[in-house]
Amino acid sequence: MSASISIKNITKRYDSVTVLDDINLHIEDGEFVVFLGPSGCGKSTLLRMIAGLESITEGSIEIGDKRIDTLPSGQRGVAMVFQSYALYPHMTTRQNMSFGLENVNVAQDEIDRRVNDAAKILEIDHLLDRKPGRLSGGQRQRVAIGRAIVKEPKAFLFDEPLSNLDAALRGRTRLELAQLHQRLGSTMIFVTHDQVEAMTLADRIVIMHKQKIEQIGTPMEIYQHPVSRFVAEFVGSPPMSMLPINHIENTVDGVTVEVSGAGKVVTAITLPQDFNAKDAVIGIRAEDTAIVSPQEEGLDLTIKVVERLGDRTLLYGTLVDGTELIAEDTGRSKVKAGETVRVSISPHAAHIFDGNGLAHHSQREV
Amino acid sequence: MSASISIKNITKRYDSVTVLDDINLHIEDGEFVVFLGPSGCGKSTLLRMIAGLESITEGSIEIGDKRIDTLPSGQRGVAMVFQSYALYPHMTTRQNMSFGLENVNVAQDEIDRRVNDAAKILEIDHLLDRKPGRLSGGQRQRVAIGRAIVKEPKAFLFDEPLSNLDAALRGRTRLELAQLHQRLGSTMIFVTHDQVEAMTLADRIVIMHKQKIEQIGTPMEIYQHPVSRFVAEFVGSPPMSMLPINHIENTVDGVTVEVSGAGKVVTAITLPQDFNAKDAVIGIRAEDTAIVSPQEEGLDLTIKVVERLGDRTLLYGTLVDGTELIAEDTGRSKVKAGETVRVSISPHAAHIFDGNGLAHHSQREV
Amino acid sequence: MKTMNYSPEHLTSNRHLFWIAAVLGVIMMAPVAWIIGLSLKDNAELLKGTEAVFAMPYTLVNYANILESSSVFGWFINSMIVAIGQTIGVLLLSSLAGYAFARLEFPFRKTLFIIVLFGLAVPEQAVIIARHQMFNWFDLHNTHIGLILPNLSSAFGVFLMTQFFRAIPKEIDEAAMLDNASTFRIFWKVLLPLTLPAQATLGIFTFLQAWNDYWWPLISATKADMYTLTIGIASSQTNFAQSEGLGFLGAQAVFASLPVVIVYIFFQRHIVTAVSGGAVK
Amino acid sequence: MKTMNYSPEHLTSNRHLFWIAAVLGVIMMAPVAWIIGLSLKDNAELLKGTEAVFAMPYTLVNYANILESSSVFGWFINSMIVAIGQTIGVLLLSSLAGYAFARLEFPFRKTLFIIVLFGLAVPEQAVIIARHQMFNWFDLHNTHIGLILPNLSSAFGVFLMTQFFRAIPKEIDEAAMLDNASTFRIFWKVLLPLTLPAQATLGIFTFLQAWNDYWWPLISATKADMYTLTIGIASSQTNFAQSEGLGFLGAQAVFASLPVVIVYIFFQRHIVTAVSGGAVK
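Protein sequence lines correspond, in order, to chains A, B, C and D.
Oh and the first sequence: position 200 is 200 in the numbering used here, straight run, nothing missing.
Oh and the second sequence: position 353 is 353 in the numbering used here, straight run, nothing missing.
Oh and the third sequence: position 154 is 154 in the numbering used here, straight run, nothing missing.
Oh and the fourth sequence: position 164 is 164 in the numbering used here, straight run, nothing missing.
Worth double-checking, as some hints may not be accurate.
Straight-line Cα separation of at most 16 Å, EDC-like style, residue types lysine to aspartate or glutamate; simulated pairs [stated by the list, open to error]:
hint, chain 1, residue 1, chain 2, residue 2
1, B, 264, B, 274
2, B, 334, A, 203
3, C, 189, A, 203
Here are a few chain A residues that face chain B, going by a calculated C-beta distance under 10 Å [said to hold, decoys possible]:
hint, residue
4, 38
5, 179
6, 214
7, 217
8, 219
9, 242
10, 332
11, 335
12, 339
These are computed hints drawn from the structure, not numbers from a lab.
From the three backbone atoms N, C-alpha and C, an ideal C-beta is built for every residue, glycine too.
Could you build the full structure based on these sequences and the hints that come with them?
Below you can see the structure in the form of structure tokens.
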């Protein structure tokens, strides 16, 4: 029932403004794909084009082997969960879930079966006779998902469905969505600007930036081998620290770079001959740093803000020349704001970005 | 200018419903205190009582040495940042920030000076002539904070000010608030239901539950030594796993407990004679677990969902009897859903909660 | 020493503004009370002075006199047909037009909207002669259709319904499109039910206005059996010199207003709901 | 083979509904066009048949005849005073009452609100006799105050303003309280400016209604120099038999409507803004 989705040479223009520029993407049957990007990158537009809610300027979309961009929304076999849930306010939960099936003349007992099954999965059986106005945000969310499930669609489309939930509920719902995907094995496309959601849910992440696809890959590929400075800075929380490179020195293992005024960082990265060193930076994730004793080698970091997350502690500080760096310490860290600590950097975990934003990584896995 | 706040025997009742029950709290001058609790715990009501937006049934509030619960809002010397920002839609940023000063007849050049200073600190100088309708969510937030700063209040009151921002902006604004507190050194009270905000911002956290204060302490005290099962489950993400205890055995170092059907956990916790073992549970945080080889001692966990957060990986699984446990692995974890792994638990990091929800911790620091 | 707690609730218990509301209420209700008083008095007694209203005896003779006229029930039926027909028509047309203006793209949409709203500005007196002539051509005078038709295009109705349809989030339409609902089904089953508070408000206003309408029925319905209640009762006034029949006049006014008062009391809850902003949640 | 892309925008380009809007527009505009046509024709020519409207020659003689009456400008001034006075009064009272009903707690708030809204249901005919008597006692007939006063308590105005004040989030008031603003300053400087779209809408409606009012001025203003334009022009009608002066009648109707049309065109942008739901963002 579930099916693959092929997006071929999709372009979208409003008058002279290009919103999406020659997008190509194949999504496997049963895959969970997340479109991730900042607002205005076109990710929602692309989703809405698959749903048939936006017209396509050029290109085509296929679900399974069938071209669907010529069909109206209701006949494409996709179901969508909206950011605002978009439940019908005057209908009960049951009516909300049945409406789409009634429109295609599914038999009443089949409708009842599907609604009851979906309600059981989502634990909303006791809410079937309530209207949306009497449901909490989390419950509305479940009803919206239920309305999608009962249609047994070829693909689920999620448009930032978690953004109206509070932090605790968002975490729990994220987990439930992952389990739902495991259980149904359906093709799912999920749009978000939240990189944690993307990392935790996706089989593959499609990073979109400036009307184009910037990178496609598994969460680990995206996190560990970002193709560009944009991806590196967008994915990961806290963001990767970027330190300007003053000087590059080749070593046996890779290169050693001098970070402006603060000292040297040894890396296991090999740079190509034509490396564009102008405005090049070295990128370091907080978890690849360690606080070491002042005798050991490393960079001196003056701490501005200490963020205690319980299981770990983030240290926001500046190097001697004012460059900002975020380091990580354990949850029981004793470091206080105002102190200067020595930070060492794992040689295999650093990333170097050239003047064009192109990434270079260590060849060895840590 | 900044001052301490004393809340003495505050009770609030609507007819027969008690909303706050005999609250006592002293906030030091310059302290950043977060009221944390689930919705309906009374934290917002307490803040609004300090602001003078809710009447007090019994008790008194002092700022500095002055009793203020007898004064109208505007004369209490506090400034508040609302969840919805509550900017005046028909006024420009400058007018929004000036309005409160004009009402108390501050001289025009003094108003200008304060508004310009605050605008510079908050980097909204270029927005002074715009109306709120033309500002983004993040910019509105800054204006709301600016409106508070210019009043140079004795205390800042924040009512879930970050909840309308998206994840990325929320993280950044959190950091800026921490820096603002460092810079101004003012007394600040911050209400939230988000434990990450509480952990990262607070000097002290006040955990509220069922109309009462459940625990007051630094973020580390709250995280490492929760006084009750409620606090332990509410603070920390992912939540602490709670495993039912079948049997307790005293050892030299503390107790060893048998977790229902799954094996034994060694702890360094000493339990009192009158320990209420009925419905007692052992609580384990994900970061205090480790994935070990099957030869080593530990609990067998069948993984249901793998959540890759980049720097670490959360493993949601069940023990043989179906009890849920969340374990943590490194960011480069190779564990897949469906596998069974052996999980070891650090003996000093577990917490035991008796049948009344009261906590017992290891006496030794890890 | 016991200090009074400051209570912000005091701020909102403003007794000055109570008086404004109270005076508004009195201004509105005083004439109503007076006319009811008059209607319950003997006409001869009122001739000596209207202060008689404040004293016994009261009588229902004026109402009895109205009901003696055998035409009253026919007029009542006419009023009902006109008011109900007009209400249904206005609701239907306004809903369709409001939906069109709020949701659809069509040529001259903005221009048409301004023209329709322009109807708010045109006084009935200005067009009543032209309308009279036109209805003459189509032989529509002295028919129910002729009484209903002119007020079907309610500028206020289009105004209100457009506003209401615009307030419904577009995602609701989109969800219904994905649910494979046709445009008609989206309008009928999804959007229209959401405008119920507006329908109730507009319906009540239209009914009241149609019931109380005087000008057009006076001009269009010239045969006694096509009179509406308002016109019919006014026509019977000629039997009494005005100064002689003050109580009878009052009874006529009260009697003609009774149905709208009943409608108002019946739907009052809905009006208040609509005021409370009970639109789409 | 080139397949047409499906475009969801097609769905919203519904040409059927264009016709509903267009027909509404025509129904509204046809009488207006007709009356303007009549007003530009010689009365004698119209006597032969009104189809003369469709052909040359056109003339302004009817308008010239109106302006010959020396009283016209006095009536115009009266209309202006009454319409503007009524508009200002309604805006002020409705805003205060709306604020009170939306924000304040006072005794009998709900009851008073229902009584005020009840004013929507009472037809003018029902109370006009009582009102006439009352104004007689206070010697208010043939005064501007007498013409303005009865319509100051606008049930619709209170209704609209209450709705608008309720739509303003309470946090705005609270922020102003913390900014040490007095209740009056909160109302005047913070809340009232936010109701501007409603004020514009209510103001236009009130002005139009006051200008076009016929009943009450007819009864209350019995001296020629207190006539409003509507009454004054109607009074001059007795000089012409209706069938003889069709063109002149038309010119009168058009002339009396001109000010409201000008007001409408001037404020039209605000009406559309209010319809677009441009309340508090």
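- request: Output the numbers, in ascending order, of every earlier hint that fails for this structure.
  value: 1, 3, 6, 7, 9, 11 and 12
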